[in-house]
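K.L.:
Here's the letter readout for the chains.
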Amino acid sequence: MTVNGWLQIAVFFALVLLTTKPLGKYMARVFEGRRTLLDPILVPVERLLYRMTGVQREDEMRWTEYGGAMLLFSLATMLLTYVIERAQHILPWNPQHLAGVTPALAWNTAVSFTTNTNWQSYVPEQTMSYLTQMLGLATHNFWSAATGIALAVAFIRGIARREMKTLGNFWVDLTRATLWVLLPISIVLALVLVSQGVIQNLRPYATAQILQPQTQTTTGPDGKPATATISTQTIAQGPAASQEAIKMLGTNGGGFFNANSAHPFENPTPFSNLLEMFAIFLIPAGLTATLGEMTGSPRHGWAVFAAMALLWFAGVFTCYWAESQPSPLVHGVEQRASLNQAGGNMEGKEVRFGIANSALFATVTTDASCGAVNSAHDSFTPLGGMVPMVNILLGEIVFGGVGAGLYGMLIFVIISVFIAGLMVGRTPEYLGKKIEAYDVQLAMLYLLIFPLIILCLSAISVLSPGFGLSALTNQGPHGLSEIFYAYTSATGNNGSAFAGLSANTRWYNITLGIAMFFGRFLMIVPMLAVAGNLVTKRRAPASVGTFPVTTPLFTALLTSVILIVGALTFVPALSLGPVLEHLMMHAGQVF
Amino acid sequence: MSTQVAFEPLIGSDTHSGKSRRSIMNAPIARRAAIDALRKLNPIAMMRNPVMFVVEVGSVLTTVLLISDLARRLPNTSFDLQITLWLWFTVLFANFAEAMAEGRGKAQADALRQAKSETIAYRIRFGVVEEVPSSRLRAEDLVRVSAGQMIPGDGEVVAGVASVDESAITGESAPVIREAGGDRSAVTGGTRVLSDEITVRITSNPGETFLDRMIALVEGAERQKTPNEIALNILLAGLTIIFLLAVVTLQPFALYSRAPQSIFVLVSLLVCLIPTTIGGLLSAIGIAGMDRLVQHNVLATSGRAVEAAGDVNTLLLDKTGTITIGNRQASEFIPAPGISNDRLADAAQLSSLPDETPEGRSIVILAKERYGLRGRELAQLNAVFVPFSATTRMSGIDLEGRSIRKGAADAIARYLREFGGGLPAEVQSVVEGIARSGGTPLVVAENGRALGVIHLKDIVKGGMRERFLQLRAMGIRTVMITGDNPLTAAAIAREAGVDDFLAEAKPKDKMDLIRREQSEGKLVAMTGDGTNDAPALAQADVGVAMNSGTQAAKEAGNMVDLDSNPTKLIEIVAIGKQLLMTRGALTTFSIANDVAKYFAIIPAMFAGAFPVLNALNIMHLRTPQSAILSAIIFNALIIVLLIPLALRGVKYRPSSAAAMLQRNLLIYGVGGVVIPFIGIKAIDLAITAIGLA
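Note that the protein sequences, when read in sequence, are chains B and U.
As numbered in our numbering, residues 221 to 811 make up the first sequence, in order.
As numbered in our numbering, residues 6 to 698 make up the second sequence, in order.
Since the hints were made in silico from the structure, they are not lab data.
Because the structure is a prediction, the values reported are computed rather than measured.
The beta carbon of each residue, even a glycine, is placed where N, CA and C say it ideally should be.
Only some residues are given here: those of chain B computed to face chain U with a beta carbon under 7 Å:
1. Arg-646
2. Glu-656
3. Val-660
4. Ser-795
Given the sequences, and given the hints that come with them, work out the whole structure.
P.N.:
Written out as structure tokens, the structure reads:
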């Protein structure tokens, strides 16, 4: 670890810290329907949209209606994407004449983008046409993010409102999140990224002559070695910048190119790298301030922010430390960082980012449910690679996906308040709202669905040599990590891949699709039900006798509950995966 | 049959005394609990407690496997046998905890049943008295009870007055007066009339009497899970399912890693991870909480009320009898200009001689103590007493040319105006000074001239100020209810240290105040005894009726204080809080324990296949077997070790929520992480030393 590395990490965090409050307050204004600077431009657009769709702004929805509208919207747009993928060969903007996508992959991808996962079982530049990328996928980057924000705002209303039945109007929240929050920031961010060299065009792929033609020897179908000389390289093109901005801002993470944010056309410079990481945390961090603002307890918003920041720091510290360690398998060689070498594990990392920015990116992208990558997580040291895995396993609540991170965190807040709230001698209450059997039941259901999907699907996969294990390229604990990571990433709607697993098979496409679908929508139902129940409750006034949710002690408590309840479930699996691999690596055995 | 029921636990109950600590774990109760623990193994009963039910299923599973292993004469079954035994012990220890908590209640119920034995009742029907067994009495029957007889059922005195020995219910040996009409008319079946004769209208049918309810309550027969207990049970069941998932899917991962595990080890891991400590002690905590209330001579009709007591935001306390000592007392005579002290004292005493109110008596006493004026016989004085009336709002005495009146300043002023005079300015300012200080000024006038002022003072009970301070520290607001004028009320409120007061309160005002507080989301507690308190008692979230009060009040409230002590409310709040805190503390402890158990069991499970995993064996447990056994033994023993804590409740000191949270998190959260490391290591050393593993 170097001072320079830590300095860059500090700059990143300072940016997040500085923008949290202004953005959070702005979002509170947007969703409370108060005046904002952008109103003169956006209000007419909003009115037009409502007139076209017949949405009544004042129509408030109960949680069931809100959830129903959200599901209807998601399913309809998911179907649209499926159809576009399947029919892309007969649709325009397909200069490479790419074929229609196969059913299993089309299902997997449609679910993936609808659920804000953006797991990619395919190589985009070889599979998806420009139209599919823009109309089928980029749109979901906006919609799934706006849906997440809307759900989080609905949950906040559940806490903030008293003795009401409704949580707001889904269509209005969706529209306002897109128009007021996502679009303006995306436009600015896309332009800045273009200034750094991110491409934006609709040209066919370019062909370049290789300076040093390469000779490759392969085994032909007849079993005899065949040689081929490669002298040209195809360079993919496309409208990358417009998708890149929302890919980060909406914590989507689906790369325009297969190499994702490691590709120089997506993430060319250290500055673009900083901006992309910052864009991931921007809205999730801001939402903590929105929580504080809308519930009338800004300090509670900061207490939640602090718990997230603590877990983020623990992750980045561990990851950076693990990646900076000298390899235990190399002896007699100078491995320390110097002007000539990065020092530590540079396998699978871009030289222009180095260890600090790769470790930070990996931590940030998995803390949030982004899943964009600028390095190969598969190539991380076992403990370094465990950090992204644990981040997702905690439920992606460390800032988390836009919206999803906050409501996931608030479920943990409810559990923490319930467990420890009793210790102040009152029946537990959260910001004055009593937490009763029904709330606990739903919160536990929310927490249960997540390990249920991950553990069951992973267990079935490791037990089936035919369709589960055959996709593995590595054995031993590393192979276990790869399968485990895939289901973790899908269920957590992260979308990053550990790689090493050839996931574009029928089994993985279908089951990972199921994991993504239920990992998002099945968990949203109990979450909304909690909000729908909380909103009906009275809010008892705070006194010195009420459970404090604004103190550092609360932050410490919340962090411990997340670690104990969230992570202990996965300790057995983790100890047979990365922990075992780490110990075996130090004993001289690698996989 | 003995009339004086031995009712030890209710008398002089003090939870902090050494005696009660012994009684938490006394031998006869423990013996009975041990047998009950076995009886509670019935799986249908166990299903009420999902955590312990899973442990029982695990125990059955390992037992079946063990028997089949023994039948096949497999070698090395000692470890499996020990695991199976400790799993059963875990279940039994939890059952034992519950049985212990019920034990004391059962002993009390036995004592109460003796009071409930059959007696002869003298029923009055159509003017004729007939003898019937008490069990055949129905509501609305009239019975006559004479000195020495047992009151045959709960009822209302409709005629007569009697002294009654209620020690069977309250444990208090001093007799109480019960009379027709007013707020002291309720009598309880099983109590004894000591003198005189009363006619009682029976108000309850057999099996529904107060005594029956009390027996059911202390015995826990009708114990319903309280709302918070249900919520906690759901949390624990949820955690159990999550850990069940983690353990069940561990076997496939183990198979992949070519290190399959035995069922014994997997069940051990599961039982160690699920929250058995709190799961095993949860119902004991609830029963013990109700029991602590009974020891304070308070009966709650539901556990819900006890939980609500912990949540109370606002306490409504009647001034008289609760905050101040019963009545106002004369403390000073302040003469008007030109009047001697003696003259004022003489007039004050004369006017008060026939006045039987406590205030009147206190004036006579003050005159005697301070001015040496002895009581005079009214008959000798040839005096005519003028009683207090609502129209004049004065009382006084007329005798040979002297006409003395005393009353409130405005009443006397009006009286003086009839003589063409008025209240001198000096007297007026004294009156205002007394009122401001919280006292009640009584002006004395003779023959149209104001003589001076009597200062009547409210005496605040000792120690109340400190208690209100504690309540404030806990975030509870106290509101004093009084019929006094606002000025007087404010002064007493200041002296007693209450947060707010309701002056000139009528029963409806009290009701409105409760509703207003509740509409702001607050929970309100109050005490009451009269029939006019009944609506407010019913409206309050915690309504404590005095046992000396009317039947209506007792039915409206959700608790009855057998000692009829209004300040008991403060203890009730503390008991409610302690109950919730104990649950929270043990839940936190139980979950925090899992960290150490993972460090014991995971390396033990896989160190055979992957020796490098021994790096995780940070406790340096001897062998994989000893590690797993130590964890499961710790898990079972901790339940037994925490039984006294569950029964007694965690230590409770009134303080702010933040301070309490910090203290309890440190003890039960951090302690919960650290203690099992020490405990498991110690057990490992012990069992390897004696060669069990």
